[in-house]
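Peer 1: Could you slot chain X onto chain A? The hints should help.
Residues per chain are reported as follows:
There are 2 protein chains.
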Amino acid sequence: MMELQNDTFLRALNREATDYTPVWMMRQAGRYLPEYKATRKDAGSFMDLCRNAQFATDVTLQPLDRYPLLDASILFSDILTIPDAMGLGLSFEAGEGPRFAKVLQEEADIKKLAVPDMSDLQYVFNAVTSIRKALNGRVPLIGFSGSPWTLATYMVEGKGGTDFLNTKKMAYARPELLHHILETNAQTIIQYLNAQIEAGAQAVMIFDSWGGALSHHAYEEFSLNYMKKIIAGLTKQADGRKVPCVMFTKGGGLWLEAQAEAGADALGLDWTVDIGQARSRVGNQVALQGNLDPAILLSTPAAIEKEVARILASYGQGNGHVFNLGHGITQWTDPENAGAFLEAVRKHSLQYHQ
Amino acid sequence: MMELQNDTFLRALNREATDYTPVWMMRQAGRYLPEYKATRKDAGSFMDLCRNAQFATDVTLQPLDRYPLLDASILFSDILTIPDAMGLGLSFEAGEGPRFAKVLQEEADIKKLAVPDMSDLQYVFNAVTSIRKALNGRVPLIGFSGSPWTLATYMVEGKGGTDFLNTKKMAYARPELLHHILETNAQTIIQYLNAQIEAGAQAVMIFDSWGGALSHHAYEEFSLNYMKKIIAGLTKQADGRKVPCVMFTKGGGLWLEAQAEAGADALGLDWTVDIGQARSRVGNQVALQGNLDPAILLSTPAAIEKEVARILASYGQGNGHVFNLGHGITQWTDPENAGAFLEAVRKHSLQYHQ
Numbered sequence: 013m014m015e016l017q018n019d020t021f022l023r024a025l026n027r028e029a030t031d032y033t034p035v036w037m038m039r040q041a042g043r044y045l046p047e048y049k050a051t052r053k054d055a056g057s058f059m060d061l062c063r064n065a066q067f068a069t070d071v072t073l074q075p076l077d078r079y080p081l082l083d084a085s086i087l088f089s090d091i092l093t094i095p096d097a098m099g100l101g102l103s104f105e106a107g108e109g110p111r112f113a114k115v116l117q118e119e120a121d122i123k124k125l126a127v128p129d130m131s132d133l134q135y136v137f138n139a140v141t142s143i144r145k146a147l148n149g150r151v152p153l154i155g156f157s158g159s160p161w162t163l164a165t166y167m168v169e170g171k172g173g174t175d176f177l178n179t180k181k182m183a184y185a186r187p188e189l190l191h192h193i194l195e196t197n198a199q200t201i202i203q204y205l206n207a208q209i210e211a212g213a214q215a216v217m218i219f220d221s222w223g224g225a226l227s228h229h230a231y232e233e234f235s236l237n238y239m240k241k242i243i244a245g246l247t248k249q250a251d252g253r254k255v256p257c258v259m260f261t262k263g264g265g266l267w268l269e270a271q272a273e274a275g276a277d278a279l280g281l282d283w284t285v286d287i288g289q290a291r292s293r294v295g296n297q298v299a300l301q302g303n304l305d306p307a308i309l310l311s312t313p314a315a316i317e318k319e320v321a322r323i324l325a326s327y328g329q330g331n332g333h334v335f336n337l338g339h340g341i342t343q344w345t346d347p348e349n350a351g352a353f354l355e356a357v358r359k360h361s362l363q364y365h366q
Numbered sequence: 013m014m015e016l017q018n019d020t021f022l023r024a025l026n027r028e029a030t031d032y033t034p035v036w037m038m039r040q041a042g043r044y045l046p047e048y049k050a051t052r053k054d055a056g057s058f059m060d061l062c063r064n065a066q067f068a069t070d071v072t073l074q075p076l077d078r079y080p081l082l083d084a085s086i087l088f089s090d091i092l093t094i095p096d097a098m099g100l101g102l103s104f105e106a107g108e109g110p111r112f113a114k115v116l117q118e119e120a121d122i123k124k125l126a127v128p129d130m131s132d133l134q135y136v137f138n139a140v141t142s143i144r145k146a147l148n149g150r151v152p153l154i155g156f157s158g159s160p161w162t163l164a165t166y167m168v169e170g171k172g173g174t175d176f177l178n179t180k181k182m183a184y185a186r187p188e189l190l191h192h193i194l195e196t197n198a199q200t201i202i203q204y205l206n207a208q209i210e211a212g213a214q215a216v217m218i219f220d221s222w223g224g225a226l227s228h229h230a231y232e233e234f235s236l237n238y239m240k241k242i243i244a245g246l247t248k249q250a251d252g253r254k255v256p257c258v259m260f261t262k263g264g265g266l267w268l269e270a271q272a273e274a275g276a277d278a279l280g281l282d283w284t285v286d287i288g289q290a291r292s293r294v295g296n297q298v299a300l301q302g303n304l305d306p307a308i309l310l311s312t313p314a315a316i317e318k319e320v321a322r323i324l325a326s327y328g329q330g331n332g333h334v335f336n337l338g339h340g341i342t343q344w345t346d347p348e349n350a351g352a353f354l355e356a357v358r359k360h361s362l363q364y365h366q
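If you read the sequences in order, they're chains A and X. So in the numbering used here the end of the first sequence lands on 366, straight run, no missing numbers. So in the numbering used here the end of the second sequence lands on 366, straight run, no missing numbers.
Quick caveat, the hints were computed from the structure, so don't treat them as lab data. One or more hints might be untrue.
Because identical chains cannot be distinguished in the list, a pair is counted as satisfied if it fits within a single copy or across any two copies.
Said to hold, decoys possible - For lysine-lysine, the following BS3-like pairs were computed, each having C-alpha atoms within a straight-line distance of at most 27 Å:
id	residue 1	residue 2
1	K171	K262
2	K318	K359
3	K53	K145
4	K240	K318
5	K123	K49
Since the structure is predicted, the reported quantities are computational estimates derived from the model, not experimental observations.
Looking at chain A on its own, in the form it has when it is part of the complex (with noise of 0.2 Å):
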């Protein structure tokens, strides 16, 4: 493997000494990009695009290919491969978001549900050597994960929402089942990035989406502790370099120091958390990985600035922060627009690194 020549990235996961802040942009690879559209139509469905190691190549090299300040990229793939793989039947209506043809509500589907073959999963540890080796040295490739928490959410509701009123049925009145799927989630995710690792995934992230929409005390019991347990479960180094761990629960600013003590290298910030405030909470026991919002993104080069401003400044001085959105980029964005967001966070975050 080419030599990496830029990892800003991974040194600021570390909390290592950078020049400047570096970025990226969760869902960078995406429909905001023409060149990306272009790509889905020649591959057909989200999946067939997912399942082609060349397309998979195509459309993560793109952003980097375009916005030169890019510090990351991100195996282009969905959080919902191993629900697939565990034989839920996955599909993507026009519109409509994911589908499983069949859901976990009945204990004795729930009893029957194991962890995968990972070579059900070959497709996407194929995607990352194929990226890897396309990136030729330029970035980091950072693998990822649903957590156990978000992926049940949509086995046992068999479709996205917000209220998930199965799932948190289930974890009241059945909470035995729900840790079932919970903990074959984990045991799961730890084969699922190990194998990403193995395939040339330099550092991983853990998408818990939807950890935020359960109580105080049922995220730690439902969501937490299991991701704690991934990982204390992954490899910790791959040739020769430590491979870091970002964990990031959207809605869980409540929760932020729980999360530090979890084992993560960083925390991922959703927009709604001050980010300065977020720091003197961890402490130095995490980097910090956020959080613009990504709306901004829809208004003007001046106002993406002005908060790009605000953000580093809230930080403040010294190392530890990645800069990114606080959820993926939205498919209604100018392409121009991400281009000013990049460029105000290099020019801005200078000042902080000196």
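Peer 2: Same frame as chain A, now just chain X:
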């Protein structure tokens, strides 16, 4: 008017001594009750129900008749009566949620927005008077409004949602336009709530259902500041008694300290906040209302009782807690579980008021 026979709720909002922790449920008159569904069927559409004082009175009193342990009633109405009175054309399509015929996205439309004549909302005040009379002093009657920001999201988007991209785009690209909407909403809400108080409301609540979607900084500018203005403009006394105000930003648990300074007597809490931690953070400035996850009512009486006991223990000894759900009761709730919830609050709260 008949003298109030149970003022436990009002005393708790004022952090005065009570014999037990009072309780009510957001959306307690609603689709989980068969008697509500029957009245709704007689009334026709949802707005037909809101516009008819007798029907609104009937459904407001239904949960009180079923559950003698309820310590408050709340006007049956909708938060979108105000934009409807402003001429935006509200309708509810089956299974789709609210829709507006007109949206506020063009500068010319926004500049025409003005405080509506309160006579266009007379049906709400008539309902308040009718309900207050029918209550005959059993429990206090709560009036309410959506917050300026929350109403603005519907007025700009034209419908419900969770990301509010058009509204946020305006907030960052054309803040003066959004501020005109918010200021108009705030001035309208002051008149609207004061007219409810004059018509018989004994407490008022501001529902900032979507304030939690804003960034830390934007929350103060676009939501909290306008709620402060409303609270400053509210009638403080009626019938020789203080009219307390509850402010509730769902998803706003990170910002309780700022909320506690807004002038409200009490803050609503959703279930993501630990109520004991919230109490420590706000000190003796305000009472707290909340905060059981309504999804828990879908489980079992035993699980409900356990969570109720946990929340009461977390709040601890003393006054200033009104028990409630962290959001509206869902239509899928078994009415017996709602009863188990109310009984658990009474049973377990006595020990904290000795």
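Peer 1: Each of the hints needs a verdict: does it hold here or not?
Peer 2: Do the hints match the structure? See the list:
For the identical chains of this complex, K171 and K262 are neighbours both inside a copy (18 Å) and across copies (24 Å), given an alpha-carbon limit of 27 Å. In the homo-oligomer, the alpha carbons of K318 and K359 lie at most 27 Å apart inside one protomer (12 Å), although the nearest pairing across protomers, at 53 Å, exceeds that limit. In this homomeric assembly, K53 and K145 come within 27 Å of each other (Cα to Cα) only inside a single copy, at 24 Å, whereas the closest approach across copies is 64 Å. Proximity of K240 to K318 under the C-alpha cut-off of 27 Å is restricted to the inter-copy arrangement: shortest distance 26 Å between copies versus 36 Å within a copy.
With identical chains, the CA atoms of K123 and K49 are never at most 27 Å apart, being 40 Å at best within one copy and 38 Å at best between copies.
Consistency with the previously given hints fails for number 5 only.
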